[in-house]
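Participant: Each chain, written out:
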Amino acid sequence: MRISGKAVIFGDDVNTDVIIPSKHLTSLDPEELAKHAMEGLDPKFPEKARGGVIIVAGRNFGCGSSREQAPLALKHAGVKCILADFFARIFYRNAINIGLPVLECPGISGRIEEGDILTVDLEEGKIINETRKAVIEAHKLPGFILEILRDGGLIAHLKKRLGGMES
Amino acid sequence: MGKTVSEKILSRASGKDVYAGDIVVAEIDAVMMHDGMAKLVIDAFNEMNGRRVWDPSRVLIVIDHVAPSAYEAFSKVHKLMREFAFKHNVKFREVGSGICHQLMIESGLVSPGSLIVASDSHTCTYGALGAFSTGIGSTETAAVLISGKLWFKVPETIRVIVDGKLPLMVYPKDVILNIVGRVGADGATYKAIEFTGSTVKSMDVEGRLTLTNMAVEMGAKTGIIEPDEKTYAFLGSIGHKADSGFRSDEDAEYSETLKFDVSDLEPQVACPHRVDNVKPISEVEGKEVDQVFIGSCTNGRIYDLRVAAEILKGRHVKRGVRAIIVPASRRVYRQALMEGLIQIFIDSGCAVCNPGCGPCAGAHQGILAPGEVCISTSNRNFKARMGSPEAEIYLASPATAAASAVTGEITDPRRFMREG
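Top line first, the protein sequences correspond to chains A and B.
Counting along the first sequence from 1, when you hit position 88 you're at 91 in our numbering, and nothing is skipped either side.
Counting along the second sequence from 1, when you hit position 280 you're at 281 in our numbering, and nothing is skipped either side.
No lab work stands behind these hints, which were simulated from the structure alone.
There may be inaccurate statements among the hints.
What the hints assert, rightly or not - Computed spacing ranges between beta-carbons, pair by pair:
(1) A/134 x B/391: 33 to 39 Å
(2) B/244 x A/47: 53 to 59 Å
(3) A/155 x B/264: 51 to 57 Å
(4) B/389 x A/14: 16 to 22 Å
As the list claims (entries may be wrong) - No more than 27 Å apart at the CA atoms, straight line, and that leaves these computed lysine-lysine pairs for DSS-like:
(5) A/9 x A/38
(6) A/26 x B/77
(7) B/80 x A/38
Glycine included, C-beta positions come from ideal geometry on N, C-alpha and C.
Generate coordinates for the entire structure from the input sequences, incorporating the hints supplied.
Facilitator: As structure tokens, this is what we get:
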């Protein structure tokens, strides 16, 4: 899987309350959630993300609550992939489960600037900075996580691999 | 090689001999969801063609985040939850019952040695009873409802040893804030934190629950405390006999051991907008507050309400400040009524709301206006957590919160120490 897009930079400890403030959890519609993605940090983010971007962040991205609305809001706002030094664990699992690629890449935050064009090769665990002609190595994702992402998330994955999970 | 409590629980639940770093598929002992996530869980359950819940007796559904509903959108979610709960015959707690984590504990679904997941990050709270419990997302919760299983990476464990006798009017909340301040918001990411030491051993289970509740604020997968006679006595007192559980081996491997001496600890305050931005009260005193919140899965239990009432008794909340008190469960509420605590709160001018998440959920009660300041006994002070991103939240113990309600500014509760 190769993903390309413009980099949007965020700092350390971006938490789920700024990704999607809880007052918007009253909405059940992912498109409505997307309108408020990152509202706590940058109310203009949905405008910026339209058409597809790659988030580049620092340490502990997605810390805080277990709300799956956080990766959902980002995905529907146009985020194609998130690169960070490392992620908070529930956000990390949630993003994979909804089919939003996340890649751990220690030291990434200092090496990419806002607006750089990036290509991410998920299988190889490589990030190509097209603007600066540089290649950055990330932690490769394990095979079973790549499969979930290729299938578009956990639900689609289970349907495809198991023909539906019937109890 | 010896094992930690977490390695023992995940070995038992997976039927394999596992250590930190191993990936396992484990059998889940109980699962819970609440109204903040239920719509996504139920949608995913249906999308996966879920027909039956694997074991209805191990499932609890709670309406607590926006309870009673303040919006039509949530009323629809609540309706969906009731229909799902009754159709599948799972345990269900209606509006007014209390906070999901407190209800999990009171329901008897949590016992030492059990493996529990729920679609809420503060699921780590149950570790105070010697369970391995962790928060998961809504899609995974749906998968657990269907299959009763989930994959885990067995975590490394950080051992936190707390020693020393707590000074007067310094509480478990001050201890955990002090620990979070030192470990940092990401200092325990992907790991388990095992709390031990003489302070933890002499602490009531209610106080231990405050410690483990905030493990996730350091990024931890769970917080855990070895069960002891206090654990079993506590479970007995709420009508649940248990004799299960594990203790860590002497030669268990820890990724790190951190020592804390709390014998001279001052009351602690987490300042905006980070839970690890922790300062001793002496550096924060005098900051004016608009709202005081005493409650939440961190500090809404009877022990906490007693501490707050001790300070508020015979005093009044400062003019211009609103103080909101929310008991963690109906059981706690009833006990507080019997002890006369609710009367103290009412007489002092507090707003006592029905059991639930209250202002901490940031969706319906006690929403802050831009520029306002709240001191809260809950666990998160992130921007936009309780309303406006331009509001500020300070986290503290019930004693510090109650003292601040009286003066209208952040106040050292030791100023209210009573004679005898």
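Participant: If a hint holds in the structure, say so; if it does not, say that too.
Facilitator: Checked hints:
Checked against the hint of 33 to 39 Å, the pair residue 134 of chain A and residue 391 of chain B passes, with Cβ atoms roughly 35 Å apart. Distance hint check: the CB atoms of residue 244 of chain B and residue 47 of chain A are about 58 Å apart, consistent with the given range 53 to 59 Å. Between residue 155 of chain A and residue 264 of chain B the Cβ separation comes to about 55 Å, which falls inside the hinted range of 51 to 57 Å. Checked against the given bound of 16 to 22 Å, the beta carbons of residue 389 of chain B and residue 14 of chain A, roughly 21 Å apart, stay inside it.
At most 27 Å may separate the alpha-carbon atoms for a hinted pair to count; residue 9 of chain A and residue 38 of chain A meet this at roughly 19 Å. Taken as a hint, the residue 26 of chain A and residue 77 of chain B pair is honoured in the structure, with Cα atoms around 16 Å apart against an allowance of 27 Å. A C-alpha spacing of about 26 Å is found between residue 80 of chain B and residue 38 of chain A, which places the hinted pair at or below 27 Å, so the restraint holds.
Checked against the numbered hints given earlier, the structure satisfies every one of them.
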